[in-house]
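Please take these sequences and the hints and turn them into a complete structure.
Keeping their order, the protein sequence lines are chains A and B.
The first sequence begins at 136 in our numbering and counts up by one.
The second sequence begins at -8 in our numbering and counts up by one.
Some hints here could point you the wrong way.
[Claimed, not checked] Here are the simulated lysine-lysine pairs, PhoX-like style, with alpha carbons at most 25 Å apart:
| # | chain 1 | residue 1 | chain 2 | residue 2 |
| --- | --- | --- | --- | --- |
| 1 | B | Lys4 | B | Lys30 |
| 2 | A | Lys298 | A | Lys268 |
| 3 | A | Lys268 | A | Lys280 |
| 4 | A | Lys280 | B | Lys34 |
| 5 | A | Lys260 | A | Lys298 |
| 6 | B | Lys30 | A | Lys280 |
What the hints contain is simulated information worked out from the structure, not anything from laboratory work.
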Amino acid sequence: MPRAIAVKISPTRRCLNRENLRAMPLSSCFSARLKRSANAVPYSREALRQDLVRVRIAWEECQASRARNAIYGYLTAVFDLVMWWAAEDRAGSRARWALQLRGVDLPTTDEPFAAVILCTTDRQKVDKRTRSKWSRVLRYAARYKTNAEPLAAFVRRKGGINKCAERFTRCLRRRGRN
Amino acid sequence: MKPEKTKNTNHRKAELIAEILRDYERHGDAMRYLNVEGKIAWKASPSMLQKLADAEREVEDDLEDFP
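Structure, rendered in structure tokens:
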């Protein structure tokens, strides 16, 4: 890593560990440069593939877990990916790219959250209805959640997955009427 | 106004950082995300954190062998 990073290493643990890395204090100059670099780095096909692999791993972990709230880990992975695509105003095009990369030929899936879910789950386990429900939940969160609040906390606060999906459907109906 | 040399140095540094990030991202070691301010930022990927944890454990095991 570049020398500008100031890493405080505990005298008792003389190696760079995960906690150090997560809490790595960046110099303000380096931090600002990193932020500028976010836009300067082109998003490659390989990077997209790696992002989809990460979301797929989140899906497999969710499937392997017996915890009631395990699905939030997966939904958060989908949400985080699409949200940064959306911040670059590329959610639609990258979702189509992801479908293409996975060899999925469904021109009707033009909604980014649904597309990523389709690319990263098992179709036998997640049918069209479930995909649509999860996609509505994520679109609802995209519209009303603040960046600081974790997705799981937001969805629970709003009454759970089914309630959020209903709320979003109501929003769509209201918008349709106006 | 900044001298031309400083500008060029900063430009080269920015290019180098972009190159490093692109490489890390392509290999699945770094990823982008939206931070609490709603800006795109970078962080180590879960697989990178796992690799570091494994490396840390290996070093600790090695240190135990050499008291």
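Structure-based check of each hint:
{"no.": "1", "hint": "B:Lys4 <-> B:Lys30", "result": "holds, 21 Å"}
{"no.": "2", "hint": "A:Lys298 <-> A:Lys268", "result": "holds, 10 Å"}
{"no.": "3", "hint": "A:Lys268 <-> A:Lys280", "result": "holds, 17 Å"}
{"no.": "4", "hint": "A:Lys280 <-> B:Lys34", "result": "holds, 22 Å"}
{"no.": "5", "hint": "A:Lys260 <-> A:Lys298", "result": "holds, 21 Å"}
{"no.": "6", "hint": "B:Lys30 <-> A:Lys280", "result": "holds, 15 Å"}
Every hint, counting from the list given before, is met by this structure.
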